[in-house]
Structures are given as structure tokens and as C-alpha cells.
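Chemist: Take a look at the letters that make up each chain.
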Amino acid sequence: EPEVTQTPSHQVTQMGQEVILRCVPISNHLYFYWYRQILGQKVEFLVSFYNNEISEKSEIFDDQFSVERPDGSNFTLKIRSTKLEDSAMYFCASSDITGSFQETQYFGPGTRLLVL
Amino acid sequence: AQSVTQLDSHVSVSEGTPVLLRCNYSSSYSPSLFWYVQHPNKGLQLLLKYTSAATLVKGINGFEAEFKKSETSFHLTKPSAHMSDAAEYFCVVSDVSTGRRALTFGSGTRLQVQP
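Quick note, the sequences are listed as chains A and B, same order. Going letter by letter, the first sequence gives residues 473 to 588 in our numbering. Going letter by letter, the second sequence gives residues 235 to 349 in our numbering.
Chain B with its partners taken away, still in its complex shape:
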């Protein structure tokens, strides 16, 4: 069975400093991995996805994530945080080998950006 662990429930950074949101996954075969962001009172917006092409994936708003199979990790990074990045971030896995489309979500990381 597939699962996702987000290692930090809350992360606080200062504006202009780097962001690192950590995610480890468990999957039986070759996963598809996603990061979604949820701003207050908004829906879940796709930031980026990995689907077995390049291991370094670039997303919207300057975010990127690196798929590391040996570490079963898919950490999300951004070089310089902006106040508008404050939101809840979800790491999500889908295991294509099972033929299932259901997404499995991590518990979320709330990012605070201090001025």
C-alpha cells in the first residue's frame, strides 16, 4: 500500500529565506508524486508533479522538488520565500502500478512566512 509522510506539521521562515518542506513516500512500484497547495478558503492547487521523467521537477511560483528513489523522498524547495507562499502544502502519491487513480495525501505542512 502507498503512503506519504510529511515530516513537519509546521514550518516558519522569514521572507526572502529558503523554504524546505520534507516528504517521504512508500510505494510498491513506480509512484507518481505531487505537491498541492491550499491557501485559506481556497481549493487544492497543483504546484508540481513527478511522473518518471526528470527527477528534478519545476513547478509554479518558483517551487521545485527532487525525486530521490534511494531515499524515497520528494522534498519541496524554494530559494526565496514570499509572504504569499503562506499556506498548507500537501505531498501526494499515486501508484500507477496498481491501476488505481485514488490519490493518497500526506498530513500537510503549514508554512508561515514572517516579514
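Chain A extracted, bound-state conformation:
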């Protein structure tokens, strides 16, 4: 069964450093998403991406974040200058388009980011 994969599973970085989290969405999916979950808090939406551009973003997704689909398979989240409060589990998701906004988002296993 196709699944979303994410690398690395864990990443430790120093405050102020740039990190890139990688995701491989399900191959025939066209919408891609990033969510995050700070320890002990809810899963929060960050951004959605379609047709090589951001289609929707939350207030959390400020200028220090960016997303990219550098090739036909990967989808990346870059944090330019990490802060302590960026420590979280980051989930990638993808969905197909059914035309009804009722498609299912399929999630990867997450990348646990720790900023020291």
C-alpha cells in the first residue's frame, strides 16, 4: 500500500541553524501539507501546497518557513533560522483531488525536531 515517507525520523540542531525536513508524498497525489505537533499540544496546520505554489498557510507559517517541491517526488519544509520553540514533531501529508474537498489526507510518520 502506498504511503507517505519522511526523513530524517529525528533531527537535533542548534538554535539559529537552518534545517530541511523531507517528505515523499504518495505518487499520484497533488496536494501536499505540513503540520506540526509541539509536545503536549494539538496537531497544528502549517501549510498546503498545490501546483507548485502555496495554496493555504496558517499564522504559524511565517517568513522563516518555506516549502518546495524540488523534483517530481520530494516535498520539503525549510526552517531558515531555528528557534527553541520550533522543537516539535513535523508531519507531512498528501491527498488526491476529488473535486469535493472531501479527499483524505494521508500522513507520514513524522520528523521529530529538537532545537538546542
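Hints in this document: simulated from the structure, not taken from any laboratory.
To be clear about the criterion: a stretch of chain B counts as covered by chain A if any three or more of its residues have a C-beta under 8 Å from a C-beta of chain A, and this derived list gives those stretches:
| no. | stretch |
| --- | --- |
| 1 | 271-278 |
| 2 | 334-344 |
DSS-like cross-link-like pairs, simulated, lysine-lysine; straight-line CA separation at most 25 Å:
| no. | chain 1 | residue 1 | chain 2 | residue 2 |
| --- | --- | --- | --- | --- |
| 3 | A | 529 | A | 550 |
| 4 | A | 529 | A | 514 |
| 5 | A | 550 | B | 276 |
| 6 | B | 276 | B | 292 |
| 7 | B | 292 | B | 303 |
| 8 | A | 514 | B | 283 |
| 9 | B | 283 | B | 302 |
| 10 | B | 276 | A | 514 |
| 11 | B | 283 | B | 303 |
| 12 | B | 302 | A | 514 |
| 13 | A | 550 | A | 514 |
| 14 | A | 529 | A | 555 |
| 15 | A | 529 | B | 283 |
| 16 | A | 514 | A | 555 |
| 17 | B | 292 | B | 302 |
Pulled from the structure, derived: some chain A residues nowhere near chain B, Cβ distances all over 12 Å:
| no. | residue |
| --- | --- |
| 18 | 491 |
| 19 | 535 |
| 20 | 540 |
By construction, the Cβ of each residue, glycine as well, lies at the ideal position given by its N, Cα and C atoms.
Fit chain B to the given chain A structure using the hints.
Modeler: Below, chain B without anything else, positioned relative to chain A:
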């Protein structure tokens, strides 16, 4: 704005007994509702979804949920718990009327299954 409240942060049941995980939602129009499960060190797996068809939705592993508009609830049930059901469960809402695809998650319910 849409929101989800999961009424219990922890639920503990004995193996073989029924499971009830409670969820109430707030949405401006006609929501899509989902239950996802997260096992330790695993991703979020879809259990079931409601998208304005039948109000009683059957999912994987024997779980089901009933959409009750009058009560704004979408509780998850299973007749008989199995040890492998121990996990974190998330109730999730998406409001199609806004045209947004972003999912709104509840805070999660951790299910413990005692032998």
C-alpha cells in the same frame, strides 16, 4: 471557525470491553469529520471519515462513529477492545464550506487497554 473538543484525554478499558471516545465539534456549515489513530512511533492513520453520506460510519479494525448533528458529536466506538487498540486517537474536522483543506485536530485521547 471550526474546532474540535475531545472530552477525555485518557481512557482506560479492559480487553474485550467496549470503547467509547468522545468528540464534539464546532463548524459553521457542513463539516467533514475524521478519526485518526497514532500508534507509538508511527504516523497518523485514518480510521474513518464522515462526509455527509450515512451518519453511521464504519472504519478499520472494527471501529465506527456516528455523526449526530443535533448534538454536534462524532463519538468513536468499538464493541470489544483489543490490546493492539492502545494508541492515541484524534478527532479531526474540515469545513468544506470555507474552501479550506486545512484539518483542525482535537487534543487527542490516549486509549489504554488492560489485559
